[in-house]
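**Q** Working from the sequences, and respecting the hints, build out all of it.
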Amino acid sequence: MTPDLPNVEIAIIEMTNGFRRQNKLSELKRNRTLDQAARAFASYLARTGKFSHTADGRRPADRTKSVGYKHCRISENLALNVDSRGFRSRQLARGAIEGWKKSPPHRKAMMDPYVTEIGVGVIKAKREHRYLSVQLFGRPRALQYQFTIRNMAGKRVGYSHTGRHHELPPRTEVQHTECNPASLRFKAKRSRNRRAEFATRDGDLFVVRASRLGKLVVEHYPRVN
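In terms of our numbering, the sequence shown has 85 at position 67, counting the first letter as 1, and numbering is strictly consecutive.
No lab work stands behind these hints, which were simulated from the structure alone. Ideal Cβ placement from N, Cα and C applies to all residues, glycine included. Hints may be right or wrong, so weigh each one.
Stated by the list, open to error - Distance condition first, Cα-Cα at most 30 Å in a straight line; then the derived DSS-like pairs of lysine-lysine:
1. K119 to K144
2. K126 to K83
3. K173 to K88
4. K142 to K47
5. K205 to K233
6. K88 to K42
7. K119 to K68
8. K144 to K120
9. K119 to K83
10. K173 to K83
11. K68 to K88
12. K47 to K120
13. K83 to K47
14. K233 to K173
15. K126 to K47
16. K88 to K47
17. K68 to K126
18. K142 to K83
19. K42 to K120
20. K68 to K144
21. K120 to K68
22. K142 to K120
23. K142 to K68
24. K205 to K173
25. K126 to K142
26. K83 to K68
27. K126 to K42
28. K119 to K142
29. K126 to K88
30. K42 to K119
Stated by the list, open to error - Beta-carbon label-pair distances, calculated as ranges:
31. P122 to T190: 35 to 43 Å
32. S61 to S102: 17 to 25 Å
33. S201 to R39: 23 to 31 Å
34. I28 to R159: 21 to 29 Å
**A** Shown next as structure tokens:
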């Protein structure tokens with residue numbers, strides 16, 4: 019049995035999105051540039067017999083960049099499926115998917131909540147009934163965002179974002195450029211004594227001041243479009 023490789027690629031994307039839906043994650047949009055990078059690397063693996071994410075001396079991000087995909091987040095899954103009886107198209111796709119689901123790192127890549135696009139390449143190796151599948155996940159650079167924190171208080175201000183803690187000296191400001199959506203949390207109070215936690219969006223400005231009682235208060239100024 020010889021699978022139809024374009025149909026295998028389509029089935030891998032369908033099954034990946036089905037798996038994400040089962041886990042209450044958004045579906046991924048197919049990106050032709052990621053397809054190009056995935057097929058090129060699958061062809062390299064099939065031709066050389068090598069099998070690793072750095073088999074060609076480059077990382078997945080290097081390969082996607084070389085074909086023009088501008089990203090802020092990239093990950094990759096590889097699969098090698100061999101059966102002397104051959105494969106039907108959906109059988110080959112399912113074999114790759116099930117293998118990835120059973121492997122914690124590959125499963126994590128499939129369930130990444132921050133990626134938005136997918137590309138797939140499936141290539142037959144020289145040896146009979148041996149197929150290489152490459153699955154790429156991307157978040158385009160266009161989804162990057164920037165926000166600014168300005169410390170107008172007379173003391174250092176602590177805050178955290180994307181799991182990292184920061185300290186900002188008094189009378190200074192800092193601009194963050196981020197890829198993944200995340201909450202911004204201050205060790206301070208918000209207006210009306212609410213907890214100082216914010217969703218961050220492009221162009222946001224956060225100003226920290228000291229109240230008359232000496233407490234830190236955070237003012238949020240969203241970008242006006």
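**Q** All hints are to be evaluated individually against the structure, with a verdict given for each.
**A** Against the structure, the hints come out as follows:
1. K119 to K144: holds (27 Å)
2. K126 to K83: This hinted pair holds, its Cα atoms lying about 22 Å apart.
3. K173 to K88: With a Cα-Cα distance of about 39 Å, the restraint between K173 and K88 is violated, given a limit of 30 Å.
4. K142 to K47: Distance of about 25 Å is within 30 Å: holds.
5. K205 to K233: holds (10 Å)
6. K88 to K42: At roughly 27 Å apart (the allowed maximum being 30 Å), K42 and K88 satisfy the hint.
7. K119 to K68: holds (22 Å)
8. K144 to K120: Measuring from Cα to Cα gives roughly 27 Å; hence the hint holds.
9. K119 to K83: Holds. K119 to K83 sits at ~27 Å (cutoff 30 Å).
10. K173 to K83: violated (43 Å)
11. K68 to K88: Measuring from Cα to Cα gives roughly 27 Å; hence the hint holds.
12. K47 to K120: The given pair, whose Cα atoms are some 23 Å apart, holds under the 30 Å limit.
13. K83 to K47: holds (18 Å)
14. K233 to K173: It holds: about 10 Å lies between the C-alpha atoms, which stays within 30 Å.
15. K126 to K47: Roughly 18 Å between the alpha carbons, so the hint for K126 and K47 holds.
16. K88 to K47: holds (15 Å)
17. K68 to K126: holds (24 Å)
18. K142 to K83: holds (25 Å)
19. K42 to K120: The hint holds at about 19 Å.
20. K68 to K144: Given that 30 Å is the threshold and the Cα spacing comes to 13 Å, the pair holds.
21. K120 to K68: The hint holds at about 22 Å.
22. K142 to K120: Holds - the C-alpha atoms of K120 and K142 are around 23 Å apart, at most 30 Å.
23. K142 to K68: Within the cut-off at roughly 14 Å; holds.
24. K205 to K173: holds (12 Å)
25. K126 to K142: holds (26 Å)
26. K83 to K68: holds (21 Å)
27. K126 to K42: Distance of about 14 Å is within 30 Å: holds.
28. K119 to K142: holds (22 Å)
29. K126 to K88: holds (22 Å)
30. K42 to K119: holds (16 Å)
31. P122 to T190: 35 to 43 Å: Hint holds: Cβ distance 41 Å, inside 35 to 43 Å.
32. S61 to S102: 17 to 25 Å: At roughly 23 Å between Cβ atoms, S102 and S61 fall inside 17 to 25 Å, so the hint holds.
33. S201 to R39: 23 to 31 Å: The hinted range 23 to 31 Å holds for S201 and R39, with Cβ atoms some 25 Å apart.
34. I28 to R159: 21 to 29 Å: Hint holds: Cβ distance 26 Å, inside 21 to 29 Å.
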